[in-house]
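Residue strings, one per chain:
There are 2 protein chains.
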Amino acid sequence: IEAKDAARIRSFLDNTNPADTALAISRIDDDLVNNLMILLNPEDAAELIEDLSDTQAAEIMEDLEPSQAAAIFEELDSDHVVDILGEMDKDDANAIISQMNPEDAEEARQFLTYDEDTAGGLMISEFLDYRSNQTVQDVLEDLQNNREEYAEYDVQYIYITDSAGHLEGVLRMRDLLFPQRSTPLSKLMIRNPYKTIVTAPLDELRNFFEEHNLFGAPVVDQDNRLVGIVLPEAVEDAKQKKSVNQFLGLSGIIGGEEFRSMPVAVRAGRRFSWLSLNIFLNIIAASIIALYQDTIAAVIALAVFLPIVSDMSGNSGQQAAAVSMRELTLGLLRPHEFGRVIIKEASVGILNGIGLGLLLGGLVYLWQGNLILGLVIGLALALNTLLSVLVGGLTPLLLKMLKLDPALVTGALITTITDMGGFFLVLSFATIVLDKL
Amino acid sequence: IEAKDAARIRSFLDNTNPADTALAISRIDDDLVNNLMILLNPEDAAELIEDLSDTQAAEIMEDLEPSQAAAIFEELDSDHVVDILGEMDKDDANAIISQMNPEDAEEARQFLTYDEDTAGGLMISEFLDYRSNQTVQDVLEDLQNNREEYAEYDVQYIYITDSAGHLEGVLRMRDLLFPQRSTPLSKLMIRNPYKTIVTAPLDELRNFFEEHNLFGAPVVDQDNRLVGIVLPEAVEDAKQKKSVNQFLGLSGIIGGEEFRSMPVAVRAGRRFSWLSLNIFLNIIAASIIALYQDTIAAVIALAVFLPIVSDMSGNSGQQAAAVSMRELTLGLLRPHEFGRVIIKEASVGILNGIGLGLLLGGLVYLWQGNLILGLVIGLALALNTLLSVLVGGLTPLLLKMLKLDPALVTGALITTITDMGGFFLVLSFATIVLDKL
Numbered sequence: 003i004e005a006k007d008a009a010r011i012r013s014f015l016d017n018t019n020p021a022d023t024a025l026a027i028s029r030i031d032d033d034l035v036n037n038l039m040i041l042l043n044p045e046d047a048a049e050l051i052e053d054l055s056d057t058q059a060a061e062i063m064e065d066l067e068p069s070q071a072a073a074i075f076e077e078l079d080s081d082h083v084v085d086i087l088g089e090m091d092k093d094d095a096n097a098i099i100s101q102m103n104p105e106d107a108e109e110a111r112q113f114l115t116y117d118e119d120t121a122g123g124l125m126i127s128e129f130l131d132y133r134s135n136q137t138v139q140d141v142l143e144d145l146q147n148n149r150e151e152y153a154e155y156d157v158q159y160i161y162i163t164d165s166a167g168h169l170e171g172v173l174r175m176r177d178l179l180f181p182q183r184s185t186p187l188s189k190l191m192i193r194n195p196y197k198t199i200v201t202a203p204l205d206e207l208r209n210f211f212e213e214h215n216l217f218g219a220p221v222v223d224q225d226n227r228l229v230g231i232v233l234p235e236a237v238e239d240a241k242q243k244k245s246v247n248q249f250l251g252l253s254g255i256i257g258g259e260e261f262r263s264m265p266v267a268v269r270a271g272r273r274f275s276w277l278s279l280n281i282f283l284n285i286i287a288a289s290i291i292a293l294y295q296d297t298i299a300a301v302i303a304l305a306v307f308l309p310i311v312s313d314m315s316g317n318s319g320q321q322a323a324a325v326s327m328r329e330l331t332l333g334l335l336r337p338h339e340f341g342r343v344i345i346k347e348a349s350v351g352i353l354n355g356i357g358l359g360l361l362l363g364g365l366v367y368l369w370q371g372n373l374i375l376g377l378v379i380g381l382a383l384a385l386n387t388l389l390s391v392l393v394g395g396l397t398p399l400l401l402k403m404l405k406l407d408p409a410l411v412t413g414a415l416i417t418t419i420t421d422m423g424g425f426f427l428v429l430s431f432a433t434i435v436l437d438k439l
Numbered sequence: 003i004e005a006k007d008a009a010r011i012r013s014f015l016d017n018t019n020p021a022d023t024a025l026a027i028s029r030i031d032d033d034l035v036n037n038l039m040i041l042l043n044p045e046d047a048a049e050l051i052e053d054l055s056d057t058q059a060a061e062i063m064e065d066l067e068p069s070q071a072a073a074i075f076e077e078l079d080s081d082h083v084v085d086i087l088g089e090m091d092k093d094d095a096n097a098i099i100s101q102m103n104p105e106d107a108e109e110a111r112q113f114l115t116y117d118e119d120t121a122g123g124l125m126i127s128e129f130l131d132y133r134s135n136q137t138v139q140d141v142l143e144d145l146q147n148n149r150e151e152y153a154e155y156d157v158q159y160i161y162i163t164d165s166a167g168h169l170e171g172v173l174r175m176r177d178l179l180f181p182q183r184s185t186p187l188s189k190l191m192i193r194n195p196y197k198t199i200v201t202a203p204l205d206e207l208r209n210f211f212e213e214h215n216l217f218g219a220p221v222v223d224q225d226n227r228l229v230g231i232v233l234p235e236a237v238e239d240a241k242q243k244k245s246v247n248q249f250l251g252l253s254g255i256i257g258g259e260e261f262r263s264m265p266v267a268v269r270a271g272r273r274f275s276w277l278s279l280n281i282f283l284n285i286i287a288a289s290i291i292a293l294y295q296d297t298i299a300a301v302i303a304l305a306v307f308l309p310i311v312s313d314m315s316g317n318s319g320q321q322a323a324a325v326s327m328r329e330l331t332l333g334l335l336r337p338h339e340f341g342r343v344i345i346k347e348a349s350v351g352i353l354n355g356i357g358l359g360l361l362l363g364g365l366v367y368l369w370q371g372n373l374i375l376g377l378v379i380g381l382a383l384a385l386n387t388l389l390s391v392l393v394g395g396l397t398p399l400l401l402k403m404l405k406l407d408p409a410l411v412t413g414a415l416i417t418t419i420t421d422m423g424g425f426f427l428v429l430s431f432a433t434i435v436l437d438k439l
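Just so you know, the sequences run in chain order A and W. The opening position of the first sequence corresponds to residue 3 in my numbering, with each subsequent residue numbered one higher. The opening position of the second sequence corresponds to residue 3 in my numbering, with each subsequent residue numbered one higher.
Possibly wrong hints are sitting among the right ones.
What the hints assert, rightly or not - Across the chosen pairs, the derived CB separations fall in these ranges:
no., chain 1, residue 1, chain 2, residue 2, range
1, A, L34, W, I192, 35 to 41 Å
2, W, Y152, A, Y196, 19 to 25 Å
3, A, E151, W, L360, 55 to 61 Å
4, A, S13, W, I344, 32 to 38 Å
5, A, E213, W, R176, 35 to 41 Å
6, W, R176, A, R193, 20 to 26 Å
7, W, V435, A, H338, 51 to 57 Å
8, W, D31, A, K244, 28 to 34 Å
9, W, Y196, A, L34, 31 to 37 Å
10, A, P203, W, R176, 32 to 38 Å
11, A, L439, W, V266, 32 to 38 Å
Stated by the list, open to error - BS3-like mimics (lysine-lysine), calculated; alpha carbons at most 27 Å apart, straight line:
no., chain 1, residue 1, chain 2, residue 2
12, A, K243, W, K189
13, W, K243, A, K241
14, A, K241, W, K244
15, A, K197, A, K244
16, A, K402, W, K243
17, W, K244, A, K244
18, A, K402, W, K244
Hints are computed from structural coordinates only; laboratory data are not their basis. Glycine residues also receive a C-beta, built at the ideal position from the N, C-alpha and C atoms.
Chain A extracted, bound-state conformation (with noise of 0.2 Å):
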């Protein structure tokens, strides 16, 4: 199909939406992806990567000549721009910026400079600014006049700054109605708008949303000059992301998206790193059942159950974790509240403690008809879900005040804790009634 027919091509994206798109690109050799995008012209190659997610527009941009891919990115919105650059390898990047028009460029470095998860890395380039002696009709001139390139602006609102581009105010579309064209901007201007700053990070600009209802803000830098917009879109998405990586941080997934089509050995020592780690944490809580092998030879039914214990341990640390990490994101506990989540945890870990005691003492002595051995396994799952949902409760809020991501460590931490607590119980009270065994 890619017989060097652009024109075919072309057509076939046009007609394609964009997850199929990206599925079929994700699924095509790496050489034929570069034939593909030297073969479109930088606009629509630009579409194309428009419809990718950034990890994947990344690898692409990387395996390019510098100067095609700065083609391409000069007909990208600026926010594109950086999440890429942003993903990719610090040369490339360079070696791209510097292949871009002096503009582009210098806009591109400034853009990179801000955090990604602050205003100034989410926000676009691409507004609509006027002087306050302008006119409505001056306006309606320059849109009708620019029309197919503002169409793509995406932009509700239009910004009254001074000569020097400080922000002095904003003006709805719509406000545009209905006052007589010969208005200047300065009597219908709302002054002083609610703006943001390039610093602000996403929670602050999420609350900034939620507590103001507006199609996008305006954002300064520390001298009030206005220098893009953030529309709320942008936050929300920068805050799904970051929530998902949290919980496939929680999985083992760590340092971002994995997708089956990067190379083996990329996605391959991905997860390695961190099995590796989780090893180490394996065999330090192992070392616990080591201490006890002589009770485990004399009642050998133990090393049935240990594992049970402990798997079951490890999952009530793991839903009190996910509740935590959860009412953190939505703003509905503070990183401080640990007496809170101890009271609201230990009653939870009690009840479901005593529940699932019961259950599996009960389980075992049917099995094995062993009562003792029953009520050393249930005691000892009893007291460990109650440990095991403290400890997951509060994991991730230890990490947030100590500006650790809480997605990183938080499971294996607690599988850790949660193991050696198990074993430990389960292990000493086996010992304490070992002639009764």
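Please build the complex by placing chain W on the supplied structure of chain A, with the hints as guidance.
Just chain W, lined up with the frame of chain A:
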């Protein structure tokens, strides 16, 4: 503070952002919340309810008298009403609907028949429609006359319908700026606009908005009558909720969100239902160990390493499952593509299996000074890693093909299968070389 001073509460709420309001409400006693809702007029209460999550809001509304709840619902957007009613007990919801005014009640009943994740469940009924023989002047006058009401509509388009409500065309607000005011809408409107049908599922809506960059889409019933509009934000929100719920399910929180403000019994019960299922799965897995008690009795050290092998394999499986679930959600993988997952996971499984096997086997050898034991554990982990990534990668596809929600059982299924594999491999290898251990 709640000393019946409605005005003060109102000004407090006006000055608080939604996240803080939700936090405050989740912390005060149920009775106080109840008093608070009675004290506020329905309009203010509705605003407060809008700041909360659907689950929180439903809990509060259930505790109110149906007539009071109905008065508050009449002030809410139609999509909020439906979301909150949907989270409530059926009887409670019906009691409230019967107290609403007949028109709103009819609408609520109609909306509740739509599935939550379809255009019908996501749409709002607040839209602007005009006849095609009306002029630009008519529309502008109507807009100006009803400015206040429409200001909350959040709508960028006006729709043109015939007298029976059949959708004929659409017009962007800003297209009213340029033409002569006496122009009839029939001359300006875009005929046969993009539209969705009430039964359109979430994925289709998402593709729709990705394909057409619109601020909203008209929703029609089977007879092409305009019944509502769906906004891209609503689609994204629903998608995000679904994906978070998937991951919560993977952590063992099923049946929607848990908040620590819910009653202890509810929270404990929801977690327990999943944990108790897990006990039985765990016992099935552990019964493998019971079959090999003689082997363990001969080499007690095996009891130390069984939990390590099973935990490591479980993690490998979860990683592969997380990637599959993510790719399915993004449309980068289709449920029937077993072959692709097998090839892609097998390569990672072989690499990481060799790596982890060497690492753990080496550590076992160093720790226990027993080469054969190291070989047994290392080889078992290597093979079980391969098995785990295959099981983990394929389980979400299989559940999706069976039309089950992958989130519900993926985690528990994978752990059970990989545990059984790990126990079996370690113990059967050990049994084979038992006289050399």
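Against the earlier hints, flag every one the structure doesn't satisfy and list their numbers going up.
5, 12
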